[in-house]
Amino acid sequence: MKEKKENNKVSTSLFRKRWKKFKSLKRGYYSFLIILTLYLISFILPIFIGRDALIVKYNGEFYFPIFKYQSAESLGQNLQGEANYRLLKKQYQEEGGDNWVFMPIYPYGPNENLLSELEGNPPHPPSSEHWAGTDDRGRDVFARLAYGFNIGLSFSIIVTLFAYFIGISVGGTLGFYGGKIDIFGLRLIEMWSTIPFLYTIIIISSIIQPNFILLTFVLTLFGWIGITYYVRGEFYREKARDYVSAAVSMGAKNKTIIFRHILPNSLTPVISFAPFAIVANIFSLVSLDFLGFGLPPPTPSWGQLMQQGLVNIEYWWLIATPLVSMFLTLLSITFIGEAIREAFDPKVYSRLR
Amino acid sequence: MTTYFLRRFLLIIPTFFGITLITFLILQIVPGGPLEMEIMKIRMGGQTKGSESGSNTGTTQNIPQSAIEELQKFYGFDKPIHQRYLIWIGNLFKFDLGKSYVYSEPVLDVITSRFPVSIYFGLIGFMLTYIVCVPLGVYKAVKNGSTFDFLSSAIVFIGYAIPGFAFGALMLVLFGGGSFWDVFPLGGFRSTDYESLSFTGKITDQIHHTILPVMSYVIGSFATLTILTKNSVIENLSQDYIRTAFSKGLSEKKVIFGHALRNSLIPISTGLGHAVSLVLAGSILIEKVFNINGIGLLSYDSIVQRDYPVVMGILVISSLLLLIGNILSDVLYAIVDPRIRFK
Chain L
1 MKEKKENNKV STSLFRKRWK KFKSLKRGYY SFLIILTLYL ISFILPIFIG
51 RDALIVKYNG EFYFPIFKYQ SAESLGQNLQ GEANYRLLKK QYQEEGGDNW
101 VFMPIYPYGP NENLLSELEG NPPHPPSSEH WAGTDDRGRD VFARLAYGFN
151 IGLSFSIIVT LFAYFIGISV GGTLGFYGGK IDIFGLRLIE MWSTIPFLYT
201 IIIISSIIQP NFILLTFVLT LFGWIGITYY VRGEFYREKA RDYVSAAVSM
251 GAKNKTIIFR HILPNSLTPV ISFAPFAIVA NIFSLVSLDF LGFGLPPPTP
301 SWGQLMQQGL VNIEYWWLIA TPLVSMFLTL LSITFIGEAI REAFDPKVYS
351 RLR
Chain A
1 MTTYFLRRFL LIIPTFFGIT LITFLILQIV PGGPLEMEIM KIRMGGQTKG
51 SESGSNTGTT QNIPQSAIEE LQKFYGFDKP IHQRYLIWIG NLFKFDLGKS
101 YVYSEPVLDV ITSRFPVSIY FGLIGFMLTY IVCVPLGVYK AVKNGSTFDF
151 LSSAIVFIGY AIPGFAFGAL MLVLFGGGSF WDVFPLGGFR STDYESLSFT
201 GKITDQIHHT ILPVMSYVIG SFATLTILTK NSVIENLSQD YIRTAFSKGL
251 SEKKVIFGHA LRNSLIPIST GLGHAVSLVL AGSILIEKVF NINGIGLLSY
301 DSIVQRDYPV VMGILVISSL LLLIGNILSD VLYAIVDPRI RFK
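Sequence lines, in order, name chains L and A.
Everything in the first sequence is counted per the working numbering, starting at 1 for the first residue and increasing by one.
Everything in the second sequence is counted per the working numbering, starting at 1 for the first residue and increasing by one.
Think of the hints as simulated: they come from the structure by calculation, not from any bench.
Any given hint might turn out to be false.
What the hints assert, rightly or not - No farther apart than 30 Å at their CA atoms in a straight line, the calculated lysine-lysine pairs in the DSBU-like style are these: (1) A:Lys94 with A:Lys73; (2) A:Lys41 with A:Lys73; (3) L:Lys57 with L:Lys90; (4) A:Lys79 with A:Lys94; (5) L:Lys21 with A:Lys73; (6) L:Lys23 with A:Lys253; (7) L:Lys239 with L:Lys17; (8) A:Lys73 with A:Lys99; (9) L:Lys239 with L:Lys255; (10) A:Lys253 with L:Lys26; (11) L:Lys20 with A:Lys143; (12) L:Lys17 with A:Lys94; (13) A:Lys41 with A:Lys143; (14) L:Lys90 with L:Lys180; (15) L:Lys68 with L:Lys57.
To be verified - Derived Cβ-Cβ restraints for the label pairs, each shown as a range: (16) A:Gln65 with L:Pro296: 31 to 39 Å; (17) L:Gly233 with A:Val304: 34 to 42 Å; (18) A:Asp301 with L:Val324: 43 to 51 Å; (19) A:Ile266 with L:Arg260: 30 to 38 Å; (20) L:Pro297 with A:Asp193: 21 to 29 Å; (21) L:Asp98 with A:Leu186: 34 to 42 Å; (22) A:Thr3 with L:Pro296: 50 to 58 Å; (23) L:Pro296 with A:Asp240: 54 to 62 Å; (24) A:Ile158 with L:Asp345: 17 to 25 Å; (25) A:Thr3 with L:Gly179: 36 to 44 Å.
The beta-carbon is built from N, C-alpha and C at its ideal position, and this holds for glycine as well.
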């Protein structure tokens with residue numbers, strides 16, 4: 001029992017040491033804070049960006065349309081179906097009176113067609129109202145970019161997690177047991193990894209209209225291989241170390257050896273590799289959306305906007321704005337990855353001379 | 001060692017069968033293949049004809065069973081799937097990949113006719129990457145921590161965070177004559193009037209069409225190769241043998257180029273093995289953006305048009321090249337680094 005406590009103490013201090021090192025790498029640390037904050041905010045995005053009013057006061061009663069559907073009639077608006085809160089706000093202002101509408105800071109939704117409120121044909125160039133213009137169906141690009149951020153990042157984090165789970169399990173098994181399982185497994189993996197991945201996904205999703213779950217599944221199917229090689233190599237190496245022999249000679253079960261001893265020691269390259277895997281998955285999703293084989297419309301997506309922009313390059317904002325968003329996101333995550341890698345790397349390179 | 005590589009080459013065979021089997025199954029089992037598409041086309045055609053003549057015969061035109069059977073025979077769907085696979089493999093050994101549904105030409109001809117374009121861009125991009133990145137990486141390693149190192153890292157990372165095709169799209173917006181400057185053509189491999197141009201005109205036209213796509217091709221690989229070179233050199237510079245070299249009085253130049261560089265290039269040279277894949281270097285995305293008629297665009301079109309023989313053909317060639325490239329990399333590794341012993 002005492003020994004266990006000791007162990008924990010050592011491992012936390014190692015983690016703390018790395019965390020301290022990570023914090024000292026300003027570029028990566030601030031990127032991490034920014035991405036984390038933006039990602040957390042993106043889960044409550046309707047409060048900031050959306051078409052539904054947060055609070056409506058009508059005839060002395062309060063309504064919260066962001067949580068509950070309100071028909072236009074029930075709020076005194078002369079429209080069919082759901083109320084249009086931007087128009088409602090204007091209407092109340094013109095009426096004077098006690099009624100008011102409290103809108104999100106950016107009062108446009110990602111899937112909302114704005115043609116009835118805008119003059120001319122879509123896409124509309126950026127303006128003070130629509131910061132990034134509108135797309136070819138008159139939907140607000142800025143809102144779509146913001147919602148697309150959440151979807152893209154969530155997607156790639158989920159794919160990375162699943163791929164890691166499979167990769168660590170398979171790689172660990174191959175590396176730990178070795179022998180015939182290893183040879184046979186490696187053959188299968190080589191086969192699998194030689195199949196051109198983007199190509200096959202396009203084949204699959206050109207035939208079946210993919211949804212979020214299917215696309216996660218397919219990308220995971222092809223995403224676990226790289227990490228498997230890593231983990232297999234690590235397990236192979238760690239297995240030959242003295243501490244494992246010690247554990248074996250003390251009569252530890254395989255399960256204990258794998259999960260208590262080898263796994264924690266072989267996770268370092270895996271963890272420092274994760275941000276780059278996330279970058280790669282965002283990249284894949286954008287590419288697929290761009291080719292039209294990604295998430296089904298009307299899901300807000302960066303790749304789909306760029307596809308629209310490429311059809312007619314005079315609509316520069318349809319390419320430039322998703323590109324800038326993607327660039328900033330990928331750059332920050334790459335910085336995080338660099339910092340994590342450096343924090344986990346015990347080697348100090350100093351030039352000898 | 002020879003036996004090791006011989007075994008590796010023999011192992012290509014089962015791996016290759018596995019790959020083709022998997023993709024063949026995917027293509028044949030999932031619905032919406034060429035047969036279904038053709039039947040749907042006929043149904044739609046029948047429907048419009050029916051409504052034109054005014055006879056209200058119903059929503060779907062029934063196709064006679066004999067016609068469906070004929071179509072099945074044309075696409076080879078009249079036999080069970082394992083037979084179809086065996087036939088396909090049998091033909092493969094005779095270098096017969098079948099006939100394209102769309103181009104009505106042998107698949108091999110369709111694919112090889114696209115090789116020159118893809119090789120052209122692949123080769124230029126490949127050479128450019130190595131010529132720029134290796135010296136840059138070495139210089140950055142020597143000047144590690146300097147302003148130049150920091151600035152070039154920043155530029156390289158910026159390039160890394162922009163996907164090649166997105167960069168290409170941005171370049172087209174800026175320089176393709178949309179709302180901004182009209183400097184470069186919108187795409188294509190050459191101008192349509194290429195044949196009528198003078199010799200110098202041909203060269204400038206070709207270069208004109210090359211610059212933007214090549215930039216898009218190399219932008220991503222710049223970061224990887226530069227950082228790889230830099231890290232490799234730095235690691236070698238902190239080895240004991242460098243200290244020995246300095247302490248015996250060698251000049252800095254000699255130490256870096258004579259000792260450190262040679263060892264640092266080992267991990268980099270292995271990438272050269274994949275040069276065989278240059279034939280298929282065409283990226284679907286970049287060729288789609290620039291509308292270049294290479295392998296990438298062909299593979300995209302063949303999927304969209306359900307031209308399965310071409311799809312399988314590209315898969316066969318690309319996976320074979322990849323497998324051979326893997327082995328070549330290992331061979332190079334063994335040649336460059338005499339310490340490596342494969343067994």
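Comparing the hints with the structure gives:
Among the hinted pairs, A:Lys94 with A:Lys73 is consistent with the structure: their alpha-carbon atoms are about 21 Å apart, no more than 30 Å. This hinted pair checks out: A:Lys41 and A:Lys73 have alpha carbons roughly 17 Å apart, not beyond 30 Å. With a C-alpha separation of about 14 Å, the suggested pair L:Lys57 and L:Lys90 falls inside the 30 Å cut-off, and the hint holds. For the given pair, A:Lys79 sits about 21 Å from A:Lys94 by alpha-carbon distance, which is consistent with the 30 Å threshold.
For the suggested pair L:Lys21 and A:Lys73, the alpha carbons sit about 67 Å apart, so the restraint of at most 30 Å is broken. With a C-alpha separation of about 37 Å, the suggested pairing of L:Lys23 with A:Lys253 is violated against the 30 Å cut-off. Taking the CA atoms of L:Lys239 and L:Lys17, the gap is near 26 Å; set against the 30 Å cutoff, the hint holds. For a cut-off of 30 Å, the pair hint linking A:Lys73 to A:Lys99 stands: about 14 Å separates their Cα positions.
For the proposed pair L:Lys239 and L:Lys255, the alpha carbon gap of about 13 Å is at most 30 Å, so the pair holds. Between A:Lys253 and L:Lys26, the direct Cα distance comes to roughly 34 Å. Violation of the 30 Å bound is thereby established for this hinted pair. Between L:Lys20 and A:Lys143 the alpha-carbon distance is near 27 Å, which keeps this suggested pair within the 30 Å criterion. Of the supplied pair hints, the one linking L:Lys17 and A:Lys94 is violated, its CA atoms being roughly 63 Å apart against a limit of 30 Å.
At roughly 65 Å between alpha-carbon atoms, A:Lys41 and A:Lys143 are farther apart than 30 Å, so this suggested pair is violated. With a CA separation close to 74 Å, the supplied pair L:Lys90 and L:Lys180 exceeds the 30 Å bound. The hinted pair formed by L:Lys68 and L:Lys57 meets the criterion: a straight-line CA distance of about 14 Å does not exceed 30 Å. At about 35 Å, the CB distance of A:Gln65 to L:Pro296 agrees with the hint of 31 to 39 Å.
Separated by about 40 Å at the C-beta atoms, L:Gly233 and A:Val304 satisfy the suggested range of 34 to 42 Å. Roughly 31 Å separates the CB atoms of A:Asp301 and L:Val324, a value that falls outside the hinted 43 to 51 Å. Judged by the Cβ atoms, the range 30 to 38 Å given for A:Ile266 and L:Arg260 holds: they are separated by roughly 37 Å. Between L:Pro297 and A:Asp193 the CB atoms are about 39 Å apart, so this pair departs from the stated range of 21 to 29 Å.
For the hinted restraint 34 to 42 Å between L:Asp98 and A:Leu186, the CB-CB distance of approximately 58 Å leaves it violated. Here the CB-CB span from A:Thr3 to L:Pro296 is close to 52 Å, well matched to the stated 50 to 58 Å. A hinted range of 54 to 62 Å holds for the C-beta pair L:Pro296 and A:Asp240, which are about 59 Å apart. Against the hinted window of 17 to 25 Å, the Cβ-Cβ separation of A:Ile158 and L:Asp345 comes to about 23 Å, which satisfies the hint.
For A:Thr3 and L:Gly179, the hinted distance range of 36 to 44 Å is not satisfied, since their beta carbons lie about 20 Å from each other.
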